[in-house]
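Chain A is fixed; fit chain B onto it per the hints.
2 protein chains.
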Amino acid sequence: MSLRNLNLSKFYSGAVLLALASVFSVSSFAGSVILIIGDGMDDHQITIARNYLVGSRGKLLIDRLPLRSTAQVLTIDNDNPDKAIYVADSANSATSMATGVVTSIGRIGTSAGDDKDLVNIVELAHRQGLKTGIVSTASITDATPASFYAHISTRDCENPDMMVGTDPYFDMVIDCSPDLKSNGGLGSISEQLIDSGVHVALGGGMKHFTPLAEGSDQTVLELAKESGYQLVSNATELDGSGAGKLLGLFSPSTMPVMWRGQDDRAAEKPDPSFLNRIHSMLGSVTYPEPMDCESNPEYIDIPSISLMTQTALDRLTDEDERDFFLMVESASIDKQSHQRKACGSIGELKQLDESLAVAIKFAESHPDTLILVTADHGQAAQLVPERTLYSGIPVPVYTPGHVARINTSEGVIMAVNYATNDFVSEEHTGVNIPLLSNDVGQGSVPAMVTQPEIFDIIKSHLLK
Amino acid sequence: MSLRNLNLSKFYSGAVLLALASVFSVSSFAGSVILIIGDGMDDHQITIARNYLVGSRGKLLIDRLPLRSTAQVLTIDNDNPDKAIYVADSANSATSMATGVVTSIGRIGTSAGDDKDLVNIVELAHRQGLKTGIVSTASITDATPASFYAHISTRDCENPDMMVGTDPYFDMVIDCSPDLKSNGGLGSISEQLIDSGVHVALGGGMKHFTPLAEGSDQTVLELAKESGYQLVSNATELDGSGAGKLLGLFSPSTMPVMWRGQDDRAAEKPDPSFLNRIHSMLGSVTYPEPMDCESNPEYIDIPSISLMTQTALDRLTDEDERDFFLMVESASIDKQSHQRKACGSIGELKQLDESLAVAIKFAESHPDTLILVTADHGQAAQLVPERTLYSGIPVPVYTPGHVARINTSEGVIMAVNYATNDFVSEEHTGVNIPLLSNDVGQGSVPAMVTQPEIFDIIKSHLLK
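Quick note, the sequences are listed as chains A and B, same order.
The letter at position 112 of the first sequence is residue 112 when you use our numbering, and the numbering goes up by one with no holes.
The letter at position 191 of the second sequence is residue 191 when you use our numbering, and the numbering goes up by one with no holes.
Hints in this document: simulated from the structure, not taken from any laboratory.
Treat each hint with caution, since some may be false.
Residues of chain A placed beyond 12 Å of chain B at every Cβ, according to the derived structure [said to hold, decoys possible]: (1) Arg127; (2) Asp175; (3) Ser216; (4) Lys245; (5) Gln262; (6) Lys269; (7) Pro288; (8) Asp320.
Cβ-Cβ distance ranges computed for the label pairs, FRET-style [said to hold, decoys possible]: (9) B:Arg277 / A:Leu275: 17 to 27 Å; (10) B:Val164 / A:Ser409: 50 to 60 Å; (11) B:Asp77 / A:Met281: 53 to 63 Å; (12) A:Asp114 / B:Asp77: 36 to 46 Å; (13) A:Ser273 / B:Asp167: 18 to 28 Å.
We put the beta carbon where it would ideally sit given N, CA and C, even for glycine.
Chain A extracted, bound-state conformation (with noise of 0.2 Å):
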């Protein structure tokens, strides 16, 4: 992709989509956008993986993008909303990409403090007559998804039975009664993506859709389906689907990831002797044996990232050739680092190379397509020695965390190590993240942005 081939290839689709413009009698005929969202993203994660996957040397498909950015993660307090806030959630960092305005943690799709509905990427899409499609590891309500089509408090409300209650993580009573139909309000997440008009919803959370719909006898899938929805629930069926709506969910809540640990091993904490219980200078430490990646056996007849979004692409353009805008998340990087998964996370950030692997391709026969990568927050995972600096002094130097150690493609343990908490599920982190692009970008996308402005380069390209 030459600046060169790129620069004639706009101007000879520019030219052919000027002359259907009077044809359809819009003004969105400026090209697509595919946006994928490595959820937990960092240059730590990217790093980790293309160690193993493609050796230090090597190069993943999303480093060989030829535009680099980096975005600001931006959030606020929803008590104070002139306060910052220096570490995101993924409900208020998609919100960001999705509507332009920075908000608070848990919050989709709707503003800090006076609880306001954001126009997303998504309404302004339909607005033009353009299709959508979200696709997603996680349950297809999750945060990160239902950011881009949903308008709610709180990221908790995922479907009709979940609209009340207590939040065990963000120390917050969940209520979202003032969204209740029945309160002039939206509904539940999963009644919103029904009523969204999004084309393709690809993903997991197939438990969300099960409840009855808010005042009604059907339940919400019931209800999908009347909406002219075609229902799959696993990768045959995807990959036989027809034309038209589709509504694909392929697990009850997240997806089943691709690969996991040796015997499903997590990172581990290292082993001090008796001795250096005692104190911190004497005795011995044993470090937690090395592992290899293995596939994840619950892994069956998952439809991967990639079948997800070629199969989005082929519904969002069978009936025609206009614009559409597709997000593409792999939402298990970040939630396999919460459970310090490193060969998890390594997997799920190979779904992603792959799915942009068909999203290459679809811009090659499509050359208006902009295609960005991105994250939406950090994740605790660092990439440290497996020998510390200190290993030449007889004194055990280990980490406090949990660290895996990782054989890699290149025969080399590669040490991965987690100590943002000693708790259940470690943190998110606030560091700045990497946005990637391809040569359509050249001139939109300049060297760093804020979160939200991402939202508007999106914007700017599919309906300018």
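Showing chain B alone in chain A's frame:
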């Protein structure tokens, strides 16, 4: 600095320089290179400094550079040079940038395994009659600066008295005896600096110049004066220094940093209650008190990196307008992070940003000057949530490492976590690191490089 302006200015000065080249009959008027290295300056360090200095929505000057790339940091095993190692030290990573060759931990300008001298960019510049400058806040004989002018098997051999010994960090006997001049070698690092012909060398490390030079009754410092170096030792002297070769040594070893934590506090361990020590699900925890950053009282008559950079630029151009190579290192972003001193790292990143302003101002009147800003490797510090994701549950969730809670300029507490080990000093990390450039890098700085390719970029620009 729009692309259009850039191209015009490049064209214009290219034409002038072609004309000048025939006068001087050298092929070296392509443009100068200023390489600014933040030691350990990964994206976490930059985000932490940004939040403190200009707020989460603000931009540092490095954030405003128009071209963004990233560098894969490569290291190999000295005992098996075919084997990758995933976390570098400053010696091998600076050698990558200075020579274009991947080497092993601790090596300065020499190859892994067979210990061959590697030609560096300073030597190539001198062969073309170009001047060079080396600026660092570390000892000027420390690993990063040394890699640009010296060749020695081990970074520890900084002066004639340190050629044989043991290195407590790297589990090896120090034996630079093959590098002794009496054995046909180039001598210790401080001796090599004097012999290198570097025109301007400014930094710490006076103690490495006071020993007698090998086989001589003169100190290295006396030899430096004999070789024509003017010697300065504080900011006042530096500011008043005249033309010609200049050696500035402003402290015995590493220069004092500009900032420190309140009352010199570093990050501290959270303090669990008695009950929590009995069982992790019980009791409570007390987090370290928030702190301000304050001026370091030891920072007296110490030249700023900006002043060193400005003086180096003046000295490199005061006799003629020929191109030059200047390396500027803010060394203590890393050294302070090793010590879990977030305020120290922030202050030294601020210093780097201010030296970039000096470089950019110089480039305004010398528009072919390529400015590169990069790091050498990642560091331990992580920006973590001030309020854990799990603050809603009645269990104390806290880092197993050390945390600094810092009051930022926007009135928010920022939590910086250090948890790669529990020893006196944190580890490096293996993350790929930022590489930024001014517009002059357009076309020669791709979106991703390996660290040795930074050498190729410098060489192509300086010597084309």
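Cross-check of the supplied hints:
no. : hint                            : verdict
1   : Arg127                          : holds (29 Å)
2   : Asp175                          : holds (14 Å)
3   : Ser216                          : holds (32 Å)
4   : Lys245                          : holds (36 Å)
5   : Gln262                          : holds (19 Å)
6   : Lys269                          : violated (9 Å)
7   : Pro288                          : holds (15 Å)
8   : Asp320                          : holds (34 Å)
9   : B:Arg277 / A:Leu275: 17 to 27 Å : holds (20 Å)
10  : B:Val164 / A:Ser409: 50 to 60 Å : violated (40 Å)
11  : B:Asp77 / A:Met281: 53 to 63 Å  : violated (29 Å)
12  : A:Asp114 / B:Asp77: 36 to 46 Å  : violated (58 Å)
13  : A:Ser273 / B:Asp167: 18 to 28 Å : holds (26 Å)
The structure fails hints 6, 10, 11 and 12 (numbered hints given earlier, in ascending order).
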